[in-house]
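Colleague: Chain residues, written in single-letter form:
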Amino acid sequence: MGLVSDTSILLGKELRTEFRSRELLTTTIVFILVVVVLFSFTFDPTTTESRRFGPGLLWLAFLFAASLMLQPCFLREQVNDTLSALRLALEDPFPVFLAKLAANTIFLLLTEILLLPVFAILYNVPILRVFPQLVLVLFLGSLGLGVTGTALSAISSQARMRELMLPLLLLPLLTPLLIASTEATAALFDAANPVLRWDWLAFLIAFDVVFLTALWLFGEYLLEE
Amino acid sequence: MAQPIAPSIGLRFENIDKRYGGLYALRRLNLEVAAGECVALAGRNGSGKTTLLRIAARLARPTHGRISYTGSSMDSETGQPDAAHAKIGFVAHATMAYDELTAEENLKLFAGLQRVENAAQRVAQLLEQVGLRERKDSQVRTFSRGMRQRVAIARALLHEPSVLLFDEPSTGLDPEGVSWLAQTLRRMRDAGCTILMSVHGESEVAALATRAVRLEAGKIAADTRAGAKVSAILRFADA
Amino acid sequence: MKKDAMFGFIVVALIGVSAYASFFVAPDEKTMHAVQRIFYLHAPCGMTALVAFLIAFVGNVAYLVKRESKWDWLGIASVEVGLAFCTVVLLTGPIWAHPAWGVWWAWDARLTSTLVLWLLYVVYLLLRTMIEDPDRRALVSAFYGVFSFLDVPLVYGSIWWWRTQHPQPVVFTSGGLNPVMRKVFYLSWASLTLLMALLIRKRYELEALRSEVRGLEREAEAQ
Numbered sequence: 006m007g008l009v010s011d012t013s014i015l016l017g018k019e020l021r022t023e024f025r026s027r028e029l030l031t032t033t034i035v036f037i038l039v040v041v042v043l044f045s046f047t048f049d050p051t052t053t054e055s056r057r058f059g060p061g062l063l064w065l066a067f068l069f070a071a072s073l074m075l076q077p078c079f080l081r082e083q084v085n086d087t088l089s090a091l092r093l094a095l096e097d098p099f100p101v102f103l104a105k106l107a108a109n110t111i112f113l114l115l116t117e118i119l120l121l122p123v124f125a126i127l128y129n130v131p132i133l134r135v136f137p138q139l140v141l142v143l144f145l146g147s148l149g150l151g152v153t154g155t156a157l158s159a160i161s162s163q164a165r166m167r168e169l170m171l172p173l174l175l176l177p178l179l180t181p182l183l184i185a186s187t188e189a190t191a192a193l194f195d196a197a198n199p200v201l202r203w204d205w206l207a208f209l210i211a212f213d214v215v216f217l218t219a220l221w222l223f224g225e226y227l228l229e230e
Numbered sequence: 005m006a007q008p009i010a011p012s013i014g015l016r017f018e019n020i021d022k023r024y025g026g027l028y029a030l031r032r033l034n035l036e037v038a039a040g041e042c043v044a045l046a047g048r049n050g051s052g053k054t055t056l057l058r059i060a061a062r063l064a065r066p067t068h069g070r071i072s073y074t075g076s077s078m079d080s081e082t083g084q085p086d087a088a089h090a091k092i093g094f095v096a097h098a099t100m101a102y103d104e105l106t107a108e109e110n111l112k113l114f115a116g117l118q119r120v121e122n123a124a125q126r127v128a129q130l131l132e133q134v135g136l137r138e139r140k141d142s143q144v145r146t147f148s149r150g151m152r153q154r155v156a157i158a159r160a161l162l163h164e165p166s167v168l169l170f171d172e173p174s175t176g177l178d179p180e181g182v183s184w185l186a187q188t189l190r191r192m193r194d195a196g197c198t199i200l201m202s203v204h205g206e207s208e209v210a211a212l213a214t215r216a217v218r219l220e221a222g223k224i225a226a227d228t229r230a231g232a233k234v235s236a237i238l239r240f241a242d243a
Numbered sequence: 113m114k115k116d117a118m119f120g121f122i123v124v125a126l127i128g129v130s131a132y133a134s135f136f137v138a139p140d141e142k143t144m145h146a147v148q149r150i151f152y153l154h155a156p157c158g159m160t161a162l163v164a165f166l167i168a169f170v171g172n173v174a175y176l177v178k179r180e181s182k183w184d185w186l187g188i189a190s191v192e193v194g195l196a197f198c199t200v201v202l203l204t205g206p207i208w209a210h211p212a213w214g215v216w217w218a219w220d221a222r223l224t225s226t227l228v229l230w231l232l233y234v235v236y237l238l239l240r241t242m243i244e245d246p247d248r249r250a251l252v253s254a255f256y257g258v259f260s261f262l263d264v265p266l267v268y269g270s271i272w273w274w275r276t277q278h279p280q281p282v283v284f285t286s287g288g289l290n291p292v293m294r295k296v297f298y299l300s301w302a303s304l305t306l307l308m309a310l311l312i313r314k315r316y317e318l319e320a321l322r323s324e325v326r327g328l329e330r331e332a333e334a335q
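Chains as they are written, first to last, in the working numbering: chain A, 6 to 230; chain B, 5 to 243; chain C, 113 to 335.
Since the hints were made in silico from the structure, they are not lab data. Note that CB positions come from ideal geometry on N, CA and C, so glycine has one too. It is possible that some hints are incorrect.
[Said to hold, decoys possible] So, partial list: chain A residues that the calculated Cβ filter (under 8 Å) puts toward chain C:
| id | residue |
| --- | --- |
| 1 | G17 |
| 2 | F216 |
| 3 | L227 |
[To be verified] Pair by pair, the computed Cβ-Cβ distance ranges are:
| id | chain 1 | residue 1 | chain 2 | residue 2 | range |
| --- | --- | --- | --- | --- | --- |
| 4 | A | P199 | C | G128 | 58 to 68 Å |
| 5 | B | S72 | A | G7 | 43 to 53 Å |
| 6 | B | E18 | A | E229 | 17 to 27 Å |
| 7 | A | E229 | C | T241 | 18 to 28 Å |
| 8 | A | P137 | C | E180 | 47 to 57 Å |
| 9 | B | S148 | C | L166 | 51 to 61 Å |
[What the hints assert, rightly or not] Covered stretches of chain C, as calculated for chain B (at least 3 residues, CB under 8 Å):
| id | region |
| --- | --- |
| 10 | 204-216 |
| 11 | 323-330 |
Could you build the full structure based on these sequences and the hints that come with them?
Modeller: As C-alpha cells, then:
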C-alpha cells in the first residue's frame, strides 16, 4: 500500500538522519536527567514523598524534553527546502507527518526507557516487576506527545519566536495527557498494590486517536504555501 | 535520454492571483504553454517568476484561478492532476536534498517515493550523467554549490518528467557547469519535454528558448507569441 | 443600522433585568447567602464561553475547507469574546470562594478546566501575533483552533475523572435550585448568550474593516 511504503521510506530517512548525528537523542537524555535531579531539590526526597511526586515530575520532565526535542522537526526541512522536494514527490503528504511522528515517538520512548532505571534508583521506586506495563504507559504517552508535537512543530516553524512558541502551543494542550499518564504511572509505582489502570490507558488511546485523525484530515494544509 | 518524452504535456494558467504577505505577487495572470515549448521567463526580482514556477509545480496554491495540464493523452477537464503531478521536475536555488545523506541515498529516497522503475539502475544512470558517480557516497553537506545543483537536477530528472521547471538554474554554476546544464536542457527539449525556466538576461541556457515571456509586477508585460523578439525580452529584463 | 441599535438596546435591557433579578428577585440561599448570587454570573459565563469557542471551531474548520477570510474573522472574533467570558469565570471564582471558603482559589474540576481553556486560547491569540502574512496566519491559527477545541472535552473529561479519584470539596455548587432561582438562572444565561452574539458580531465587523484597511494600506505602499 502506498501509504505504508512511503511512510516506511521516510521513517528510514528520519532514523538514518538522526543516528548519523545523534545530537537530538543525547541532548534530550541529558536534559531529562538534569530536570529530574533538579526536581529532587524542590521537595524532601524520602521514599513516600518520591512515590507521591515522582510520577508527575517524571512526566513533566518528559513534556519539557519533548517540547525542546521537537523544535528541529520541521525546521530541518527548511534548511535545503527538502520539504518542497517531499511535496513534489508525494501525492498525499500525510506520510511525512506519519514518519515524523513515528520517529519522534521512537526517540522519546527510547530516552524514557533509558532514564527509567536512573529515575528508579534516584527516587527509590520499584519498577522491575511492573516494567512491561510501564513501557506500555510510556508508549501511549509518547505517542500522544509525538502526534501533537509533530503537528504543532509544523505550526511553530512558521511563526516568529518559534523556540518559545512550541512549548506554549504544546503544554496547555497536553494537560489531559499529563493527567492520564501520571495517574497510570503512579498506580504502577504503588508499592503495596501496583495496578494497570485501563481507564487511563483507554483515555490515552482516545487522545492519540483524536489528534491523529485531526492531523490526517487537516495536516496537509499546514504544509501549503 | 534518447527516447522521446511521453506524454508531452502543456501548461495552462487561468486567471491566476497569488497573494503573499497581503500583496499580490501575481495578478490575473493568463498564460498557455504548449506541449514541448521551451519558455524563458524574464523579469526583475520580485516580478513573480518564482511564484509562477512554484504554482506550476503545485507547490504553491493560487489564491484565485487555476493551473491545469494539457496534453495529447490528457484533457485539461478530465485530466487527473496526480498523473501530471508525477511528471513534473522542479529545480530551484535550494538544494532540495538532505545534507546528512549521501548523493546516492538522496536519489534512492526520492526514487522510492516516486515509484521509479528499476530505481537502483536509474539512480546509477543519473549519477553518471550529472558527473557525480565518484562522489555518490559522500554526504551532500560536503558538496560545493555546483555539485549541489547537479544533485538537484538529478533528483528532478529521476522520474522522467514531461514538464521541467527551472528557477534561475545557472546561478552559482561555473562556466563549465553552465555549458553542461545547457547541454542537458537541450537534450530534454529535443526529446519533447516542456520547459519553463526563469532566466536573468541572455545566456547559453536562455538561448535554448523557443519562446520568451517577460513578467512585470505579477503581470505579463511581453510575450514572443505576441510578436516581441526573444532577444529583446531577455535584454530588456536585465535593465 | 436601526435593527442593529434595536438589538443592542434589547441586549442591554435584558442584562439589566437579569442583574436586577439576580440581586433582588432570587431568594437568598441558605448556607452562603448573598455571596451565592455570583452563581448567576459565574456559571452562565462558563457555558457562554464554551459556545463562543464552538462557534470559533466552526469558523476554523470552514476556513480550512473554504479559505474565505470571513471565516477567519469569525474565528478571531469568537475566540476573543469567548476568552472575555472565560476571564469573568476565573475572576468570579475567587470572589465566590474567598468569603465562602477562605481560599482565593479552589482547584475544583470546573474552575481548573476553565483555567486550562483560558490558557489554550490565550496561546491562540499569541500565535496570531507571531505570524505576519494574513493568509498564513489565518490558516495556521485555524489549524491550532481546531486542535484546541478538540482538546476541550479531553481537558474537562480528564480533570473531572482525576478529581473523582482525588476528591476535594466542591466549592461552586449549582445543585438544589428552587423554581425562582432556576428562572433567574435561565434569564441570566439567555441575556449573556445574546450579549455574546452581539459582541461577536461587532468584533467580526471590526475585523472585516481592519482587513480592508490593511489591504488598502498595502496597495498604497506598493505604488
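Colleague: Could you run down the list of hints and mark each one as holding or not?
Modeller: Right, here's what the structure says about each hint:
no.	hint	verdict
1	G17	violated (28 Å)
2	F216	holds (7 Å)
3	L227	holds (6 Å)
4	P199/A with G128/C: 58 to 68 Å	holds (59 Å)
5	S72/B with G7/A: 43 to 53 Å	violated (24 Å)
6	E18/B with E229/A: 17 to 27 Å	holds (20 Å)
7	E229/A with T241/C: 18 to 28 Å	holds (21 Å)
8	P137/A with E180/C: 47 to 57 Å	holds (51 Å)
9	S148/B with L166/C: 51 to 61 Å	holds (56 Å)
10	204-216	violated (count 0)
11	323-330	holds (count 3)
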